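*Asks:* Fit chain B to the known structure of chain A by using the hints.
As given, the protein sequences belong to chains A and B, one line each in that order.
The opening position of the first sequence corresponds to residue 0 in numbering that gives the first Met the number 0, with each subsequent residue numbered one higher.
The opening position of the second sequence corresponds to residue 0 in numbering that gives the first Met the number 0, with each subsequent residue numbered one higher.
Read the hints as simulated data drawn from the structure, not as lab findings.
Nothing here was measured: the structure is a model prediction, and the numbers come from that model.
Accuracy of the hints is not assured; some may be wrong.
Claimed, not checked - Here are the in silico distance ranges between beta carbons for each label pair:
1. 329(B) / 237(A): 51 to 61 Å
2. 232(B) / 192(A): 43 to 53 Å
3. 228(B) / 172(A): 27 to 37 Å
4. 378(B) / 73(A): 23 to 33 Å
5. 157(B) / 129(A): 50 to 60 Å
6. 389(B) / 192(A): 24 to 34 Å
Stated by the list, open to error - Calculated pairs, DMTMM-like style, for lysine to aspartate or glutamate (alpha carbon to alpha carbon, straight line, at most 20 Å):
7. 66(A) / 347(A)
8. 452(B) / 289(A)
9. 286(A) / 88(B)
10. 452(B) / 278(A)
11. 286(A) / 85(B)
12. 452(B) / 296(A)
In this text, a Cβ means the ideal position worked out from N, Cα and C, and glycines have one as well.
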Amino acid sequence: MSAVTTDVLVIGAGFYGLSSAWSMTRLRSGARIMVVDHGEFASGASGRNGAGFRMQWGLDLNILLCKESTAFFENAAELLDYPRGIELKQDGYLVLAHSQKALDKLNASIAIQHRYQVPSELLDADACVEMVPSLGRNRLVGGTYCARDGSASPFRLLDALLVASRREGVDVRYGTRVERIDQRDGVFIATIRDATIEAERVLLCTDWAVPQLLEPLGVELPVTSLPKEAIVTVPCTPRVKPILISLEHKISVNQLARGSIVFVPTRAREGSTVESTSDFLGWAAPKVVDLLPGVADVPVLRTWGCVSSITPDMQPILGETPIEKLYVAVSSFRGFMTCPAVGRMLADLVVNGVSDDPVLAQLTPSRFKAGNTIIEPLLNQE
Amino acid sequence: MAAAIEATARGCEVTVLDESARPGGQIYRQADPRLQGTEFAEPTELARKKRLLGRFDEIVHAIDYRANAIAYAAFGNGEIHVQVGDGTEVLRPDAVVLATGVRERAIPFPGWTLPGVMFAGGAQAILKAQRTCPGRIAVVAGCGPLPIVVASQLTRAGTKVAALASLRSPLSILGSPGGLWHGRDIIREGVGYGRSLLQAGVARLTGYVPVRALGTGHLEAVQLARIDEHGQVVPGTVREIACDLLAVNYGFIANSELAAMAGARIRHDPDGGFWLPETDENGRTSLPWLFAAGDTAGLRGALVAESEGTIVGAAAATAVDTAVATAAPTVAASDALTEAIAVRSRYSRFARVVRQTLSVPVALWRTATDDTVICRCENVLLSEVRAALESGHHSLNAIKRNERPGMGWCGGRMCLHSVAVLAELHAGVAPGKMMTPRPMARPVTFAALARQKRAAAE
Numbered sequence: 000m001s002a003v004t005t006d007v008l009v010i011g012a013g014f015y016g017l018s019s020a021w022s023m024t025r026l027r028s029g030a031r032i033m034v035v036d037h038g039e040f041a042s043g044a045s046g047r048n049g050a051g052f053r054m055q056w057g058l059d060l061n062i063l064l065c066k067e068s069t070a071f072f073e074n075a076a077e078l079l080d081y082p083r084g085i086e087l088k089q090d091g092y093l094v095l096a097h098s099q100k101a102l103d104k105l106n107a108s109i110a111i112q113h114r115y116q117v118p119s120e121l122l123d124a125d126a127c128v129e130m131v132p133s134l135g136r137n138r139l140v141g142g143t144y145c146a147r148d149g150s151a152s153p154f155r156l157l158d159a160l161l162v163a164s165r166r167e168g169v170d171v172r173y174g175t176r177v178e179r180i181d182q183r184d185g186v187f188i189a190t191i192r193d194a195t196i197e198a199e200r201v202l203l204c205t206d207w208a209v210p211q212l213l214e215p216l217g218v219e220l221p222v223t224s225l226p227k228e229a230i231v232t233v234p235c236t237p238r239v240k241p242i243l244i245s246l247e248h249k250i251s252v253n254q255l256a257r258g259s260i261v262f263v264p265t266r267a268r269e270g271s272t273v274e275s276t277s278d279f280l281g282w283a284a285p286k287v288v289d290l291l292p293g294v295a296d297v298p299v300l301r302t303w304g305c306v307s308s309i310t311p312d313m314q315p316i317l318g319e320t321p322i323e324k325l326y327v328a329v330s331s332f333r334g335f336m337t338c339p340a341v342g343r344m345l346a347d348l349v350v351n352g353v354s355d356d357p358v359l360a361q362l363t364p365s366r367f368k369a370g371n372t373i374i375e376p377l378l379n380q381e
Numbered sequence: 000m001a002a003a004i005e006a007t008a009r010g011c012e013v014t015v016l017d018e019s020a021r022p023g024g025q026i027y028r029q030a031d032p033r034l035q036g037t038e039f040a041e042p043t044e045l046a047r048k049k050r051l052l053g054r055f056d057e058i059v060h061a062i063d064y065r066a067n068a069i070a071y072a073a074f075g076n077g078e079i080h081v082q083v084g085d086g087t088e089v090l091r092p093d094a095v096v097l098a099t100g101v102r103e104r105a106i107p108f109p110g111w112t113l114p115g116v117m118f119a120g121g122a123q124a125i126l127k128a129q130r131t132c133p134g135r136i137a138v139v140a141g142c143g144p145l146p147i148v149v150a151s152q153l154t155r156a157g158t159k160v161a162a163l164a165s166l167r168s169p170l171s172i173l174g175s176p177g178g179l180w181h182g183r184d185i186i187r188e189g190v191g192y193g194r195s196l197l198q199a200g201v202a203r204l205t206g207y208v209p210v211r212a213l214g215t216g217h218l219e220a221v222q223l224a225r226i227d228e229h230g231q232v233v234p235g236t237v238r239e240i241a242c243d244l245l246a247v248n249y250g251f252i253a254n255s256e257l258a259a260m261a262g263a264r265i266r267h268d269p270d271g272g273f274w275l276p277e278t279d280e281n282g283r284t285s286l287p288w289l290f291a292a293g294d295t296a297g298l299r300g301a302l303v304a305e306s307e308g309t310i311v312g313a314a315a316a317t318a319v320d321t322a323v324a325t326a327a328p329t330v331a332a333s334d335a336l337t338e339a340i341a342v343r344s345r346y347s348r349f350a351r352v353v354r355q356t357l358s359v360p361v362a363l364w365r366t367a368t369d370d371t372v373i374c375r376c377e378n379v380l381l382s383e384v385r386a387a388l389e390s391g392h393h394s395l396n397a398i399k400r401n402e403r404p405g406m407g408w409c410g411g412r413m414c415l416h417s418v419a420v421l422a423e424l425h426a427g428v429a430p431g432k433m434m435t436p437r438p439m440a441r442p443v444t445f446a447a448l449a450r451q452k453r454a455a456a457e
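So here's chain A without its partners, still in its complex pose:
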């Protein structure tokens, strides 16, 4: 059995894994960093999401995470020395309410957003339809809009992080599945078929799959999975300028620069399969047509599957486990839009062993034992 050693082993080469690894190189600690991933490039949730980012949240910590990340996206090409860019598109983000209750939530949240200088504004139904003429008026009561929110290409950002990490000496290996983790004499031993990796510190970035490696170590984390399916249309004329989400329809909508529109509807399901389900389009299409009658004539090109992590309070889990020097990062379906900030915080924590970040302090794995629940009102999730 061959063995390699490293100082930090990151398991999972998605947004959290690669962003953390790259951020670690910025600390110039001299630590050797290795990232392993069981799949190939962008084959997990990072390559399968809706590509939107927004600062419009109702909870301080989400606003802070996304504000920092948005500033990063705006300068990503330069920061990551990736001239091709990440296909940044800042055409704003419209959060829609189709009931008075939802509008009340938006009203309460916008006050908190303004506390953090998020340039969001409240719109009535007419203003929403004026902004997006393809919107339907069924039950629509209004929304909030922030012009600095937008989208970028997940593939470009992931490739930029990969290239930048490798340039800084990070050893990134695909097709490398960690079967289990053991701890011997204060060293972690990750077993990979016929080889092992010995590491002083381990950061688990396998998202919904973290329990698979944690449970044998006696660490329980309340993380489950939610399979979703996404829809992309053929390229069409501009119809949906800002990204949309509807709290009631539980759908996000993003028309890409090339004209195709991506829809990610959420419905209650269990499991961790990325396979297409036979009743999905028949279920989703009427919701899409109700929300956006102006896209009814657009042909659907393809669907794909993705799996999100679900935590009891629908917030990320970031930090050290009860086992010293073993860390986890669970995104709770916003790995893309929070990865720059989360990567920076985790790099700090993993390399230095401590962090005084107030956001991180609220998202620790231990919060569930203490019974702390933090509620985010602006979710379009089940």
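*Replies:* Chain B alone, transformed into the frame defined by chain A:
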């Protein structure tokens, strides 16, 4: 058509989903009945066409035949999703026969996306369905029998064929006299087509391939040349020929997307149709309810396809009767089945000889230059595919995620085989897994998806 005829004869309720407006597929494609004019095929081929269409016509009123019906998804639970008119419908039959045929294999070369460059089969479809010539002066190129047939039919239709370039001599098949004997009637048709070419004085260029299509906005000329094993033009062999139509065929790729989407086991056969569902002699895939007939299960040609349709139709009917989920049940014999098995056996030997003429050297993909478009839908250039390969993205899925070949309108039907070959050429990696097959096999509007009829659950 043959599978539907046989399954109907065995007492099944049959639904036929046909993407076209009239039955016949590509080989026996029918023109709009209002169109006047003659057909350009050999009389013996036209007789076969008339015979099968006539047999289908006898049952068409007893079955549920749907023209312009697009099967856009298949699932492991046996559901087939189809668009008909402005709505969609979910079917749940007891057995499904995929007879989705093939598409033509594109090999990119500089200029191949210019209007005026088309597949030879595409040019033939225009001749058959619209009875009109797709060009005035044509160059026809490629390998196998189709370029010969199309060049001849274009000549008969009034197009001037300036040259017929063949990768290898049609006489190369003489090396397999045994196989040829079984297809002697087809050879005779080939001779008929060859005679038309001779009479029209069509120049034959053996060993030549198109290396560049020239023109501003539309094809104006094509450069033909011999290439060496590295894809380099052999000095002194370049011939530039003025034309407004270049019809190319380099063999075929099976339309196996629905089989893969349903979860049937897929095998890889580069010259025999690329990704093919694994089937037994009755056309049964790894899924007990799903069958594939004809070229969908590997290149066999029209004559094998017709007899195989009968065989697979009989097996599918048996699957419906017995509803056995696992073992392959015994198919009851009939005269039609016995004859079909004999015919398939005979023409399969001939088809194997023809298949040899369809193999192409990978060097052909080296005629593409860095600025040659590989994926037409997403406008992905060879340089971009190479950049992805150079940064270590070797699988089709990884290349797709980086550069988007296969993410466009056609879903990779036109380019993915090329990307697989290019990965082999430029990065030395064997073409791996087929790209994950997902709905939709064809685009369908939200409006049609929202108007969905579901077959009542049993």
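*Asks:* Each hint: holds or not?
*Replies:* The hints, checked one at a time:
Taking 51 to 61 Å as the suggested C-beta distance range, the pair residue 329(B) and residue 237(A) conforms, at roughly 60 Å. At roughly 47 Å, the beta carbons of residue 232(B) and residue 192(A) sit within the given window of 43 to 53 Å. Between residue 228(B) and residue 172(A) the Cβ separation comes to about 35 Å, which falls inside the hinted range of 27 to 37 Å. One distance hint, 23 to 33 Å for the beta-carbon pair residue 378(B) and residue 73(A), holds here, with the actual separation near 27 Å.
For the pair residue 157(B) and residue 129(A), the beta carbons lie near 57 Å from each other, so the given range of 50 to 60 Å is met. Range check, residue 389(B) to residue 192(A): Cβ separation about 28 Å, and the 24 to 34 Å hint holds. Distance restraint check for residue 66(A) and residue 347(A): the Cα-Cα separation of roughly 19 Å lies within the 20 Å cut-off, and the hinted pair is therefore satisfied. At roughly 18 Å between alpha-carbon atoms, residue 452(B) and residue 289(A) fall within 20 Å of each other, so this suggested pair holds.
The straight-line distance between the Cα atoms of residue 286(A) and residue 88(B) is roughly 18 Å, inside the 20 Å bound, and the hint therefore holds. Taken as a hint, the residue 452(B) and residue 278(A) pair is honoured in the structure, with Cα atoms around 12 Å apart against an allowance of 20 Å. With a C-alpha separation of about 18 Å, the suggested pair residue 286(A) and residue 85(B) falls inside the 20 Å cut-off, and the hint holds. Distance hint between residue 452(B) and residue 296(A) is fulfilled; the C-alpha atoms sit about 18 Å from each other, no more than 20 Å.
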